[in-house]
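Student: So you can see what is in the structure, the chains are spelled out below.
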Amino acid sequence: MEILVPALLTIITAATPLLFAALGELITEKSGVLNLGVEGMMIMGAIIGFVTVHHSGSAFIAVIASMLAGGAMAGIFALLVLRFHASQVPTGLALTIFGIGLSALIGQSMIGIAYEGIPHISIPLLSSIPVLGELLFSHDLLVYFSLFMVFAVYYFLNKTRAGLILRAIGDSHDAAHAMGYSVIRVRLLATLFGGAMAGLGGAYLSLAYSPLWVEQMTAGRGWIALALVVFATWRTGRVLLGAYLFGGITILQLHAQALGIGVPSQVMSMLPYLATVVVLVLISRDLGKIKLNAPASLGKAFHASS
Amino acid sequence: MLRRKISTLLAVMALAVSNGAAAELKVGFVYVGPIGDHGWSYQHDQGRLAVEKELGVETSYVESVPEGADAERVIRQLASSGHDLIFTTSFGYMNPTNKVAKRFKKVKFEHATGYKRAKNVATYSSRFYEGRAIIGAIAGRMTKTNVVGYIASFPIPEVIRGIDAFTIALRKENPDAIVKVVWVNSWFDPGKESDAAKALIDQGADMITQHTDSPAPLQVAERRGVYAFGQASDMKAFAPKAQLTSIIDDWTPYYLERVKAAMDGNWESKDTWGGLDTGMVKMAPYGDAVPEDVRKLADSIEKSIIDGSFHPFQGPIKNQKGELVVKEGEVLSDEVLLGLDWYVEGVEGSIPK
Chain A
1 MEILVPALLT IITAATPLLF AALGELITEK SGVLNLGVEG MMIMGAIIGF
51 VTVHHSGSAF IAVIASMLAG GAMAGIFALL VLRFHASQVP TGLALTIFGI
101 GLSALIGQSM IGIAYEGIPH ISIPLLSSIP VLGELLFSHD LLVYFSLFMV
151 FAVYYFLNKT RAGLILRAIG DSHDAAHAMG YSVIRVRLLA TLFGGAMAGL
201 GGAYLSLAYS PLWVEQMTAG RGWIALALVV FATWRTGRVL LGAYLFGGIT
251 ILQLHAQALG IGVPSQVMSM LPYLATVVVL VLISRDLGKI KLNAPASLGK
301 AFHASS
Chain B
1 MLRRKISTLL AVMALAVSNG AAAELKVGFV YVGPIGDHGW SYQHDQGRLA
51 VEKELGVETS YVESVPEGAD AERVIRQLAS SGHDLIFTTS FGYMNPTNKV
101 AKRFKKVKFE HATGYKRAKN VATYSSRFYE GRAIIGAIAG RMTKTNVVGY
151 IASFPIPEVI RGIDAFTIAL RKENPDAIVK VVWVNSWFDP GKESDAAKAL
201 IDQGADMITQ HTDSPAPLQV AERRGVYAFG QASDMKAFAP KAQLTSIIDD
251 WTPYYLERVK AAMDGNWESK DTWGGLDTGM VKMAPYGDAV PEDVRKLADS
301 IEKSIIDGSF HPFQGPIKNQ KGELVVKEGE VLSDEVLLGL DWYVEGVEGS
351 IPK
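Protein sequence lines correspond, in order, to chains A and B.
Numbering-wise, the first sequence is residues 1 to 306 according to the numbering used here.
Numbering-wise, the second sequence is residues 1 to 353 according to the numbering used here.
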């Protein structure tokens with residue numbers, strides 16, 4: 001128990017950036033757009049968040065700025081893909097490479113600067129409950145916000161009319177277009193939302209997780225978030241599960257090492273991707289149940305004329 | 001058309017070469033990471049800036065160059081564009097450097113942390129482990145839980161040497177202390193490094209040391225109220241209370257010396273493995289938490305390493321099984337140290353294969 005609680009606390013912080021980015025990408029993909037630029041949008045969120053907190057001193061403004069930065073990156077992607085019909089896969093890859101370079105350029109003067117991190121809030125009384133209090137009621141605000149967003153995304157996708165339209169467009173843009181829905185506008189909004197959430201995930205890294213700026217600090221988390229969406233078979237609840245699972249694997253492996261249990265850590269680094277490959281294989285085998293959630297028009301360009 | 005293109009290209013290249021010969025010395029640097037990593041490549045670039053400032057030499061650098069085919073292309077490019085002296089600053093550049101050096105006999109090359117030399121290829125590295133012996137002694141005196149956490153990158157001799165040097169010094173001061181090692185398989189992943197620090201602290205470590213490049217573990221130590229040691233550069237800004245000291249890579253004296261030698265025409269190929277004595281390894285000022293007697297101890301160890309009366313790998317040294325591998329009065333040779341692949345007594349766990 002002594003080790004369990006701190007280990008779980010660490011898992012929560014490790015899972016939160018993945019959760020933000022994956023929830024955003026879930027909405028983007030549900031609308032039929034495959035944006036592989038998550039890593040690039042995250043890293044831009046990380047640097048803009050850090051620069052803003054350094055100059056303004058306000059974590060709140062920094063978080064907003066990082067969401068705008070992620071959104072702006074997604075806007076570039078949307079312009080190329082939705083307006084000019086660029087192929088989504090290479091455009092997304094280019095966005096990642098662009099983001100890594102641009103963030104390094106912006107961050108040149110931020111190297112070696114410290115920030116004490118987003119304050120944790122401890123809810124009075126509740127947080128003093130043994131075990132549970134520490135686990136549930138003593139995080140930074142962004143952790144709570146990420147959990148709220150899980151609920152919000154679930155509710156939006158499954159319980160609202162707008163969510164239904166979004167899903168319809170993701171499944172068959174031609175049919176949705178014929179019914180009079182604006183495919184491009186919905187996809188633009190979904191892509192921007194995905195960018196803002198990825199930016200927020202990046203900001204969590206540079207403001208709360210390890211509050212500092214170093215180049216390429218996202219270190220592949222954007223890719224894990226992408227894998228996570230597939231792993232979750234495009235279902236909100238499973239994104240939550242997957243984020244905590246992927247986060248958990250990393251942390252437990254570190255604990256295992258410190259306890260002297262020999263697990264090759266390279267294997268552990270592979271696991272999220274391995275799990276995703278397995279899920280992909282399962283999807284292609286079981287066309288019925290799992291594929292039900294996969295957006296059928298994912299990655300396909302939409303031409304209003306067709 | 002094609003022929004004209006080629007001839008223009010040749011003319012441009014000839015111009016570039018003649019420019020280089022006519023001008024003063026031109027020095028090139030190849031870095032494996034971004035200069036903004038605040039660690040390895042950053043420290044090399046600080047050396048480059050010092051060369052530019054103090055010797056007035058023109059320098060150029062290429063950052064984030066992957067070890068492999070790309071490296072050869074970059075090094076050849078630097079060699080053919082009029083650079084007279086080229087520093088390649090990562091282990092994986094060893095073969096590309098030597099390959100290019102064969103083609104460009106007049107260009108001088110310096111390869112960091114490697115062992116292949118030629119008439120125009122010198123090698124250099126720093127005895128970072130000497131600093132580990134000092135922080136190990138400090139940790140031994142100051143740990144209360146007798147558990148020290150060590151965040152490691154990759155299981156190569158350089159890193160294992162550090163772990164062993166640290167552990168030997170730790171247990172000399174405190175025979176009950178043990179070292180827990182966590183491998184993160186990265187030189188540089190702030191998130192993972194801080195997770196590793198948290199895991200180690202959760203398991204009772206009250207001292208954190210690292211062989212990875214980001215200051216993230218120090219931030220965790222600061223927040224959790226334990227002590228830590230910086231890596232490669234002074235990281236006090238990130239952990240004003242937690243950092244007890246830091247082992248600093250300082251390439252400036254070496255780069256100044258070598259560039260000056262090239263300017264004076266007496267550069268020659270040799271191997272340099274410099275430590276505290278050459279100023280290539282330095283210790284950051286002690287943190288406020290280090291008590292007076294521990295400072296004295298650390299100072300005396302530093303002094304004895306510099307004057308040669310003490311060696312961090314001086315016997316008796318036992319391996320993990322408790323077998324005596326280095327007898328009293330003997331010292332592990334540089335050759336063994338360069339290929340070190342076993343833990344000393346006091347390190348927990350095994351080296352990942």
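Worth flagging that the hints you see were computed from the coordinates, not collected in a lab.
Treat the hints with care, as some may be off.
Cβ pair distances, simulated, as ranges [stated by the list, open to error]:
| id | chain 1 | residue 1 | chain 2 | residue 2 | range |
| --- | --- | --- | --- | --- | --- |
| 1 | A | L147 | B | G56 | 54 to 60 Å |
| 2 | B | E330 | A | S56 | 41 to 47 Å |
| 3 | A | V281 | B | L256 | 16 to 22 Å |
| 4 | B | N95 | A | L102 | 54 to 60 Å |
| 5 | B | A237 | A | G260 | 29 to 35 Å |
| 6 | B | D307 | A | G260 | 55 to 61 Å |
| 7 | B | E335 | A | L132 | 54 to 60 Å |
| 8 | A | G220 | B | L49 | 26 to 32 Å |
| 9 | A | L280 | B | E330 | 20 to 26 Å |
| 10 | A | G260 | B | G339 | 41 to 47 Å |
| 11 | B | K303 | A | F148 | 54 to 60 Å |
| 12 | B | D70 | A | G220 | 16 to 22 Å |
| 13 | A | F145 | B | A69 | 26 to 32 Å |
Ideal Cβ positions, reconstructed from N, Cα and C, are used throughout, including at glycine.
Student: For every hint, state whether the structure bears it out.
Tutor: Quick rundown of the hints versus the structure:
1. A/L147 / B/G56: 54 to 60 Å: Given range 54 to 60 Å: holds, Cβ gap about 59 Å.
2. B/E330 / A/S56: 41 to 47 Å: 60 Å, violated
3. A/V281 / B/L256: 16 to 22 Å: Taking Cβ atoms as reference, A/V281 and B/L256 lie about 58 Å apart, which means the hint is violated.
4. B/N95 / A/L102: 54 to 60 Å: Once the Cβ atoms are compared, 33 Å apart, the range 54 to 60 Å for A/L102 and B/N95 is violated.
5. B/A237 / A/G260: 29 to 35 Å: 34 Å, holds
6. B/D307 / A/G260: 55 to 61 Å: Between B/D307 and A/G260, where Cβ atoms are some 38 Å apart, the hint is violated.
7. B/E335 / A/L132: 54 to 60 Å: 57 Å, holds
8. A/G220 / B/L49: 26 to 32 Å: With a Cβ separation near 31 Å, A/G220 and B/L49 satisfy 26 to 32 Å, so the hint holds.
9. A/L280 / B/E330: 20 to 26 Å: Because 57 Å falls outside the window, the suggested range is violated.
10. A/G260 / B/G339: 41 to 47 Å: 25 Å, violated
11. B/K303 / A/F148: 54 to 60 Å: 59 Å, holds
12. B/D70 / A/G220: 16 to 22 Å: 20 Å, holds
13. A/F145 / B/A69: 26 to 32 Å: Violated, since A/F145 and B/A69 (Cβ atoms, about 45 Å apart) do not stay within the stated range.
Hints 2, 3, 4, 6, 9, 10 and 13 from the list above are not met by this structure, while the remaining hints are.
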